[in-house]
Amino acid sequence: MTAVEPRAAAGTREHLVRQLVGLGGTPTLDTSPASNAVTVSVPAGALEAATHAAAGISGVRLADMFADDGDTTVLRLVWACEADEPGYVITESQIAGGEYSPLSDIAPAAFVEECEIYEQFGIRPAGGKPLNRVMLPPHSGAEPPAGRPPGPALPTLGHQPAQPPAEVHAPHLVGGQAFEFPFGPVRQVGVESLYYGLVTSGEEVVDLYLFTWHKHRGVEWRLRGKTAPEAIFLAERAEGLSAVAVGWAFAAAAEAAARVTAPAAAARTRAVALELERLYNHAAATAALCQATGLSVGQAAAEIALERLLRVNAAAFGHRYLFGVVEPGGVSRAPDGDVLRRELPGAYDELRRAADALLSTNSFVDRLAACGILTAEQARRLGLVGPVARATGLTTDARLAAAGPYADHPVNVVTGAAGDVFARFQVMLGEVAESVRLITRFLDDGTAADRTLIPSRAGTGLGWAESPRGEALAWVALDEDGRIARARLRPGSARNWRGFDDACRSQNVFTDIPIIEASFWLTVAGMAR
Amino acid sequence: MPLWFARGLRRGVVTTRYPARPDGSAVSLPTPPAFRPGQLTRQTADRMIAACPGPALRRRDDTLIFDVGACTACGRCARVAPDAVTPSGEFELATTDRAALVKTIPILGGSDEA
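As you go down the protein sequences, you meet chains S and P in turn.
The first sequence: position 24 = 24 (my numbering), numbered continuously.
The second sequence: position 52 = 52 (my numbering), numbered continuously.
Don't read these hints as lab results, they were simulated from the structure.
All values derive from a computational prediction rather than experimental measurement.
Accuracy of the hints is not assured; some may be wrong.
[As the list claims (entries may be wrong)] If you want a taste of the chain P side facing chain S, the calculated C-beta under 10 Å gives, among others:
hint, residue
1, L3
2, W4
3, F5
4, R7
5, G8
6, R11
7, V14
8, A26
9, S28
10, L29
11, P30
12, P53
13, C74
14, G75
15, R76
No residue lacks a Cβ here, since even glycine has one placed at the ideal position from N, Cα and C.
Same shape as in the complex, but just chain S:
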């Protein structure tokens, strides 16, 4: 079986739903009328054909895949439809017998989730393909060393797998003049725990694999049994540098499940916070690119801008990293519009001045150009999102599928073409200007600390927001008491790490890797959630 190439067809929700119904699927009624998401129940026997159909439609992207435990395990695939009226289609299939069709053979973007689902629920794709360890550390639940007290076993969301997942490096063959260079998980200064398995012949990166599981926190497991207002505290900490985006996605999912919508002024408040989050993250990525290229004055210049932006956040919303703004049903605080109008232009100019100087520095630009290249085809096959995908020419942006403020003021999606680090940097700079424009529009339309009460009722819902590192998704199932039966959080980082090794392998050398990592600007926390 080979990966399916999309044919020319309209990637609309209606088109995909028609295809799924033709394969025996049944649209469910448990869909919020205010949501741009449709759920279709697909028989397990038709799952392979349904995946073929969806992956074959141009403009349809596999956005997420996750499982849920009940009498049988339910497998859900989230498809993003990006043509005409963007939105999402969720397929759900009951999996009996512990195996399902190997979907990553059809849609390569599914492989990481196949591994995660095996670790968390014990079901696996048929065919016996090796599944890597991606979430749970190998020492979870293991006997402690002699004399040490036992640590807590990390819980799984469903059944334990019959066999432990494969360790990626165990079957890894290194031949010829190549050797394996281990790096991490402890890295310099405050960088998150990340292990690189670098295969090299001395300088060129021949192969690379990552371990991101060292700080797994079981956030999805911890959300069970909580009400949505209780759970938002943990949800926005799944990826702290995307607190607004992940918090908004989670809140929107809970609202869709409870069939309510946030007031318009509250949605605009969320959008202001989301664009502020994008601004400070892109400034931080600029500083990281300078650090990776050894340009310390440029790094200082970008960090001055970053600090000014963080102070704007604090003055406008009371938190430098914008925690606690989003609540299910609305927002807890309104921004100080006077502060934003007075302080934001200066902070933006600071960043713009640093960026303009960097763009006229050949030694900086030369290190970024033709480094860490990804093609649009790679980005599409792997389901990449955010500036990483847009730098390849794709127009993937969750804000296009959003109702409310982004429907009133559509975002001008910034894209590149080369797919390299320089293209990603240029996309970020373009997005910074666009964020400032959008914030002004949202403030003009009016913001408020307003919210709708979340009623206690059963239901399911999907939510999304465009984080600085790409589409953040959340799916929530509430029981009759309004408590979470299952919550799925999928930050943008969880999507884009799968493209990092491809970018590093594309004829790059050791010293390119920090530059590529800065241009991706991902978090390990987003994977180790």
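Starting from the known structure of chain S, fit chain P onto it as the hints suggest.
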């Protein structure tokens, strides 16, 4: 590269001695809680302990033990007991003695069940 050298000199030193001046936005930033012993009951204390996402709060009989070093200033204790908690507004937490960060607060409100 000489341009960057000149740029660095022109921009000058932007770091300051701490604290150079009061930061106007500091008043609205999250800070660790300050407790009102007279408003504290054992039940209130237990609710706050349950709400705390970390190990910053615990109770020993009629004493609330607050580890400022484990507090992330998330504000959840203030949400469950707004009468008993106010923001301390305190940022200057550095100390050479870790034990100095652990504070004991008498619970003077007794028990709600009394």
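Practice task
Hint by hint, work out which the structure violates, then give me just those numbers in ascending order.
Solution key: none
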